[in-house]
Every structure is written in structure tokens, then in C-alpha cells.
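Chain order of the listed sequences is A and B. FYI, my numbering numbers position 141 of the first sequence as 141, with every residue one higher than the one before it. Converting from the second sequence to my numbering requires adding 1000 to each position, the first position being numbered 1.
These aren't lab readings, by the way, just hints derived from the structure by calculation. No experiment lies behind these values; they were computed from the predicted model shown. Watch out, some of these pointers could steer you wrong.
[As the list claims (entries may be wrong)] Below, computed lysine to any residue pairings styled on SDA-like, alpha-carbon distance capped at 25 Å: (1) B:1064 / A:108; (2) B:1080 / A:118; (3) B:1050 / B:1002; (4) B:1058 / A:122; (5) B:1063 / A:116.
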Amino acid sequence: MVINKILFTILEIRYLIRKKPVALKKNFFFHFIILLCTAIISIFIFNSNYLIEVYSTHYISNILIFSLAELIYYLGEYKYFFYFFIIISFLWLFYLNFVLVNKLYLAYEDEIEYILNNNGNIYYGRLPILYIVVFVNIFSAVIALFVSELFYNNISRYIVVNYLSLSLLNYSQFNLTLLLILTLPGIISGAVKVYLKFRKYLLKAGNHL
Amino acid sequence: MILFRNVFSTSLENFSLQIEKGEFIIINSSDSESLNQIIKLLGAYSLPDKGLLRLPFKRELMKKEMEIVYSEQFFLNDRKVEDNLKYTFQIKEFSLSIFKVRLKKILDLIKINNCLELYPQELKAHQKVRVGIARALLSYPSILILFDSLQYIDEVNSQSIFHLLENINNNNITIIYLSRDSNFCHRHRKIKKVNIDQKKYLEKGLNGNK
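The task is simple: from the sequences and hints, build the whole structure.
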């Protein structure tokens, strides 16, 4: 029964997503680039906050300037590992997007055929794919952050093993407020741009009569 | 006004025809390729090799102004008929606030009130065609093309649909019916008919005698 309820909710969400309006192809890439940038920023913040605790004699939190200064200081010594983990996180995101888009095109094959038969706009077929991919990108960014953290700490050998499990929840290691402040503007600006494009699109359609 | 004058293309040879605005016309031929070629030329998907072709709108607009109803129609089986119609309305860049007003106008012409709450799997063959015609009329077309859409339907239902098409034609919409059956013309004697095969046969015969 529980499984049935879960499946029903998923189908309902899928149906709601279908009804929503479309965003253009440019916005798709725009959104994707913004999410990548947010992933980079989040990794930088995490590392900076963590490094303060390890290296600095005086612990300073909630100040970005000091953390970045410490980060730059650190990069002089361990440049290789840092870039290596950033590349892994990027590859994870790219892999998810390429695989997911191909799978979702198969899932929405009927709609795309329907649009092509009725001379409709193909962008309406890409709408649900866009929304799902955006959610997955946010999810993948968080995973990339977490995974990179684990690898980073293991190889650098500055971490105590006990901290690994609840490292994200610790306020001293990972500053959530800073992450939210810096990531949300990127996501919101993308969402607003998509909404404005859609609004223009609706107005154009309304004037047809 | 649509005008073909001595048009040569892949399957058409020396084809000439004149269709005025708000006219109802039946075109017959045994070859389906020649009928397909007519649709491609009307929708500006392909250009003629030789001859003159005049269309009422620009080539970019012809795809929007023209609607085609095939014999086998494709629906989305996940959702109801009304949602299918709404989805087509959304695809063709109309706002959904106008949808109910537009649907009422179409339901006055085509009475498919019983079909709206059904799924497309539950529909019968003649109901599918009626829904297909309704779907085509949603996007304010000026030309409606039927490509052998009454092929798999009984004579009683086909005649009722044909009377329905005459009512649609009274609203100043040109209707072009493309059929493969040569007997299809004989049922409806008032409407203008063209048979492509006879012309082609005569020309080939004359060339052969020479």
C-alpha cells in the first residue's frame, strides 16, 4: 500500500510537471551553468571553513575574507589534490546530465511524437525534462560536495575518522548559512529569468486572437 | 486561392488544379505517393521541380493555417480526451484561458460531449475521427485536409461525418479530401471532384501511341 501511494504521488507530480509551461533551450544551458557555478562555490566554502579550524590559530567563522585568505594560503602547498576533487565533482554532474537526458527523452517519447505530428512547438516536449534535470542537478551538487569532502579528508590525512559521518551537520566544519547566502542568488536569478521568458511567451500567444 | 499549373514533382506529372477559398473538393488517386506529394507541396515542405504553385499564405504560415486529419490517429493514452485537446491547444502557442470558450464553439459543430471524459483507448473508430477533426479545428485553421480518414469506418457513420464536414465548410473553411477509393466520388455528387489517375493514364497512353 505504501509503495502504491508513493508511485501514485510520483505519477501525479509527473502529470503536474507536464502541464507546466516550457522554457527555451538557452535557459536550459543557462540553468546548467549556474548550477555548476554553485557547486564550485559550495566546495570552496566548505573547504575554506574547514581549513580555518585546522590551520588557523584563531578560529574565525562567518567571515568570508579570512576564509578565502586561508584557502589561498593552503593552495600553495596542496594544489594537486584540490583540483583533482573539483574535477571529479564536475564529471559526476556531466555524467548525470548526459544519462538522464537520454533516459527522459525515452520516457517522453509519446509526447514528442504527438507534438511532431500536430506541428506543435518542440520546446513543450522538453519542458518536463528541464524541470527534472534541474532538480537532479541540485541533488548531484550536494552529493558531489559530500563525496569530495570525504575523499579530500581521507587523502590529506588531517581528519579524524570519527568526524566523517556527521561532518556536514557540524556547524564548526560546514557553515550552512554562508552556503545558502551564496548559492541562492544564483538559483533564484536563473528561475526568475526562466519565468520572465515564459511570461513573454504567454503574452505572445494571447495576442493571437 | 490555391493554384497548381503544370506542376512537375516526384510523383506528379503535369498537374494543374485550382481551389478557391471556402471550397469543398475531393481528390482521387490510386497512388498514395501522389497524394502525399500534394500535402508536402501545400505545407511547403517541398518545392515543385517545374511549374507554378500559388499559395494563399506565406510558406512559414501555411503550416499553421493548414491542418491534416489522417486515418490512423495518434493520441496520448495516459490522459483523457479533454486533456489531449488541451495539450494540443498548449502546444500550438495559445493561452489556456481561451480554451473553454474555443471548445464550446467546436462542440456546437461536432457533438462529442460524451467522449470528453473517456480515455482514447475506449473510443470507437468513428469517434476517434470526430475527435481528430475537433482537434484540428482548435487552432483556427483556414484549410482542413483529410487524408483518407474515413477508410476504416462504416458507411452510415462516414456519411454522417461527411454531412458534418459540410457544416464546417459553411464557416468559410476550405476542405480538401484525399482518397484512394475511386468509388468514393460517386456517393456525393454535389461536391467538386478531381481524379488524378485519369489524366496521368491519358498522357501516358498518348505518349505510348506516339
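Report task. Return the numbers of the hints above that this structure violates; sort them in rising order. Result -> When the structure is compared with the hints, none of them turns out to be violated.
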